[in-house]
Structure formats: C-alpha cells, structure tokens
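Please arrange chain A on chain H, whose structure you already have, making use of the hints.
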Amino acid sequence: MISLGLLVVLFVCAGHAYAEESLQVQVAEPFIEWRRGPAEGYPVIHVSERGEWLNLLIRKTQWMKVRDSQGREGWVSVDDLLLTKEGSGELVSLVEPRFDDFSTRRWEAGLMMGEFESTAVNAAYAGYWMTENLSAELWGSQVLGSASEILMVSVNILHQPFPEWRFSPFFTLGAGKTFIQPKATLVDESNRNEDTVHTGIGARFYITDRYFVRMEVKDYKVFTDRKTNEEATEWKIGLSVFF
Amino acid sequence: MENWTQRIFLVRALLAALIFTVSLPAFSADIDKPLIEPDVHPQVVDESLIDTENFEAGIFAGVIKIEDFESSFIYRARVAYHFSESLFFELNYALAEGGETSFEKLGNVQLLSDSDRDYRYYNFGVGYNVFPGEAFFTDNTAFNTNFYLVMGAGATEFAGDSRFTVNYGAGYQVLLTDWLSLHLTVREHVFDIDVLGETKTSFNTEVSSGISFFF
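In order, the protein sequence lines correspond to chains H and A.
Each residue of the first sequence is one higher than the last, beginning at 1 in our numbering.
Each residue of the second sequence is one higher than the last, beginning at 1 in our numbering.
In short, the hints are calculated from the structure, not lab data.
Just so it is clear, CB atoms sit at the ideal spot from N, CA and C, and this is done for glycine as well.
Careful: at least some of the hints might be erroneous.
Claimed, not checked - Result set (EDC-like, lysine to aspartate or glutamate): computed pairs, CA atoms no more than 20 Å apart in a straight line:
id: 1; chain 1: H; residue 1: K183; chain 2: A; residue 2: D116
id: 2; chain 1: H; residue 1: K183; chain 2: A; residue 2: E90
id: 3; chain 1: H; residue 1: K221; chain 2: H; residue 2: E117
id: 4; chain 1: H; residue 1: K183; chain 2: A; residue 2: D194
id: 5; chain 1: H; residue 1: K177; chain 2: H; residue 2: E137
id: 6; chain 1: H; residue 1: K183; chain 2: A; residue 2: D139
id: 7; chain 1: H; residue 1: K85; chain 2: A; residue 2: E198
id: 8; chain 1: H; residue 1: K183; chain 2: H; residue 2: E194
id: 9; chain 1: H; residue 1: K183; chain 2: A; residue 2: E47
id: 10; chain 1: H; residue 1: K85; chain 2: A; residue 2: D194
id: 11; chain 1: H; residue 1: K183; chain 2: A; residue 2: D46
Unchecked claim - Label pairs and their in silico Cβ distance ranges:
id: 12; chain 1: A; residue 1: L182; chain 2: H; residue 2: G51; range: 34 to 42 Å
id: 13; chain 1: A; residue 1: T205; chain 2: H; residue 2: E29; range: 49 to 57 Å
id: 14; chain 1: A; residue 1: T177; chain 2: H; residue 2: L138; range: 57 to 65 Å
id: 15; chain 1: A; residue 1: T205; chain 2: H; residue 2: G89; range: 32 to 40 Å
id: 16; chain 1: A; residue 1: T177; chain 2: H; residue 2: A109; range: 25 to 33 Å
id: 17; chain 1: H; residue 1: E132; chain 2: A; residue 2: V207; range: 47 to 55 Å
id: 18; chain 1: A; residue 1: Y81; chain 2: H; residue 2: I237; range: 17 to 25 Å
id: 19; chain 1: A; residue 1: Y81; chain 2: H; residue 2: G89; range: 32 to 40 Å
For reference, chain H alone in the conformation it holds in the complex:
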C-alpha cells in the first residue's frame, strides 16, 4: 500500500512537471476545435482562432491536450495540429512511425493464437532482423489439448524475399524442444520431452503506426523414441510490434 501511495505521489509530480516547460504552437487555419476528451465522441467545448498560441501538454493516441493563454484546457486532434505553426513560423510536423520504419527496424515481438493439430495454441515470440531479409526468432508456445498440455520452445530463421511489400510473405525453418504433460485425469501417462524441427510459410501485413498482423502455418516433425516419428501442423494469427 505504501508503494502504491508512493506511486501516486510520483505520478502527481510527473503531472506537475509537464505543465512547466510546454511547447507552443500557433493556430494557422481559420479555427481549431477543442473537445472535452481524447475521442471524436466527446463534445466540442471551445474553438481556437487563427493566431492564437496553444501549449501542448500530453498526448493520448491521436489527440493532444492543449492549454491556451487563459488557462483553459481541452483536447485537439493531432491531424488539426499539423495545421498549426511552431515558433519558427514553420508548420508543425509531428512524425509518426511509418511503413518506411517498418522495413528498417531491427526488433519485433508479438502474440499469436491458433491451432496445433486442431487444439488451441497460444504463443509469444521475439525476433531480431540481421538484414532486411533475414531474422532470427525465439518462440514460446502453449498447446492446450484435451489429453495433454504441450509447452514448446523453439528458435527459427525467417526469410522474407520482398521486405518492401506492405503484405510481405516469408519462409521459416527452425528447431526446438517440446514438453508434453498429459492431463491430470489420465492415468498411466508420464511426461515426455521431445525434439522437434519445423518448416513454415506465412505473411506479415503492416497496419499502422508500429503494428502489423502476422499469420503463419508451420509443419512440425516430432522425434519420438517410439517406432515412428510424429507430424503436426499448426496455424496461428496474431499482432506484432516493431521497435
């Protein structure tokens, strides 16, 4: 509880700090609308005319909180702020992460879900792009079957031939370990650890900002110490972020 109190105090301090040294912009269009909150659904509460100076306070998604010379506060769309001037007289240019950054970034991470041999699978991964085309990834997945729970850890190499495409297909190749825990309600089954290798194909689709959707199908070969090896097919879809 003490740490929570401390957290609150810290937040209050942070709240005061930003008010001190705020950036100013001047309205360049005939007028700019203010809203009560950071969304299109909130009512318009005020309008700033051309030439007025506004202080930029904080940003939430596509909205900026502003304060005018009389101390009034409200939310302005970032798109509208592109129509204001900064101190040098130039129009304000707020830089958003864009598709160009998508093809030059180095790190990515994501969460995915899908099916592993018709049972549900949840997975998380992180990857590092060594070149535009080639990345190395580390995966952790949990397969939640009706007879067993399977935990998988794997590493793989991923190649995308067309990094400049917004919808970019890729191929992947990797190896890993699986830990199979049979259900508690089953008798006479013991835990098993197996080695696996896999191949896969998939695609990444850039949405906006720093986010993209990723989908993939992987074919696993599980090396068992029984007479035959096992094969499994997995598909997943998820949301990824690049840094």
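Relative to the frame of chain H, chain A by itself:
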C-alpha cells in the same frame, strides 16, 4: 554643349559609384545589425518532449464464480495499450481459489487437493471503447467516461491442468484525471473441463473493479 553636360553627369555618376563602392562594406555591416536584437529564439516543436500516455496499467479485485466450485475473491493485473481513441490491446493475469462442490460438502470427500484448487488465468485480447461520455457528479464536476467491450483468449490453470479459455465482457471506466481511472468490469471466462466425469463447458463469471494509471 551637350557633350559638356554629358561629361559632367558621367563624372558625377562615376564619383558616386566610386564612393558607394568604397563605403559599401561599412553600409552592409550596418544593415546586418538590426536596431533591436530580438531576445526570442524560434521554438521548434520536438515531439519527443511531449508526454504520450498510451499505456495503462491497473490492479483489480472482485469476485469470480467458478462453475461447481463456489465463488471466490479474484485479484487481477492488467496492462493495456491504446492504439487509437477506440481500440486497445490488453494483457491480464489473475489469481483466485476454487471452493468445494456440493458433492464434496455433502459426502465429506475431497475431489481436489488444495494446490489443485488454485485458479489462475492469463489472457490477451482486444477492446473497443463504444460509448465515450461524461459523468456529472456535481454541477461543476464532470469526469470523462468510457464504456468498453473486450474479447480475448488465453489459458486457465485449475484442477491440475491448463485449459484454453475464451473470455468476453464489458467495462465502465471513469477517468478521474488524465492519468488515473476507475474501472468496473464484468467478464465471462469459458473453457471445457472434465474434472467431474464427462467433459462440459464451464462458464465462470468475474465481476471486478480496479484502478488504473496511464503512462
């Protein structure tokens, strides 16, 4: 006569040009120096100086009804990232403990060991702010509010096993300040369970309230 006049003008023009050329450096130095030096430095808007508050972290407490295993307290941690004014992504992790079935109480038997009664879940999913609004507490005090819907998937660990779990629900959020908010949520967690013999779909309703911080 005409020639004479021309010569006078030419000589004067030449002289003038000469004087001008000689005095030019002095002149230009004067032009460069404004009468009043402005004390203002043009300010450039640097986006990195603007505080963005798209992340939200929260702690929740409430009650979950675990099908066949009574109701119990539940504690949940939640992290959300807001993509846009409407859409957000969230991660949840929660802890609770299942009670006893009626069968266990009446028959004085124990179906699950104490450690198997621990109920834990994680999930990730998306949410959508459907009705942004304002709540008026007094004539002069109004808080921004959101009514949101959530949907996601994850796993529930209960009765010795992890089970794939789908969850959906709705919440009401009151933003006390730009960085502090209160939540009230109702969520349904659905998974298949076979601990009482045959497999059945278990519906577990969670009602919880919490506090969250934007950063």
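Does the hinted range 47 to 55 Å hold for H/E132 and A/V207 at CB? 50 Å, holds
So if I understand the rule, the pair passes when the alpha-carbon distance is 20 Å or less; does H/K85 with A/E198 pass? 69 Å, violated
Look at the Cβ atoms of A/Y81 and H/G89 and judge whether their distance stays inside 32 to 40 Å. Cβ of A/Y81 to Cβ of H/G89: about 36 Å, so the range 32 to 40 Å holds.
Given the proposed pairing of H/K221 with H/E117, does the C-alpha separation stay at or below 20 Å? 12 Å, holds
CB-CB spacing for H/E29 and A/T205 relative to the 49 to 57 Å hint: 50 Å, holds
Given the proposed pairing of H/K183 with A/D46, does the C-alpha separation stay at or below 20 Å? Roughly 56 Å separates the two Cα atoms, so the pair is violated.
Satisfaction of the hinted span 34 to 42 Å by the C-beta atoms belonging to A/L182 and H/G51: Taking Cβ atoms as reference, A/L182 and H/G51 lie about 40 Å apart, which means the hint holds.
Straight-line alpha-carbon gap H/K183 to A/E90, limit 20 Å: 29 Å, violated
Assess, step by step, whether the Cα of H/K183 is no farther than 20 Å from the Cα of A/D139, and give holds or violated. 59 Å, violated
Verify the CB-CB distance for A/T177 and H/L138 against the hinted window 57 to 65 Å. Hint violated: Cβ distance 39 Å, outside 57 to 65 Å.
Within a Cα-Cα threshold of 20 Å, do H/K183 and A/E47 meet the stated pairing? 53 Å, violated
So does A/T205 sit 32 to 40 Å from H/G89, Cβ to Cβ? Violated, since A/T205 and H/G89 (Cβ atoms, about 59 Å apart) do not stay within the stated range.
Checked against the numbered hints above, the structure violates hints 2, 6, 7, 9, 10, 11, 14 and 15; every other hint is satisfied.
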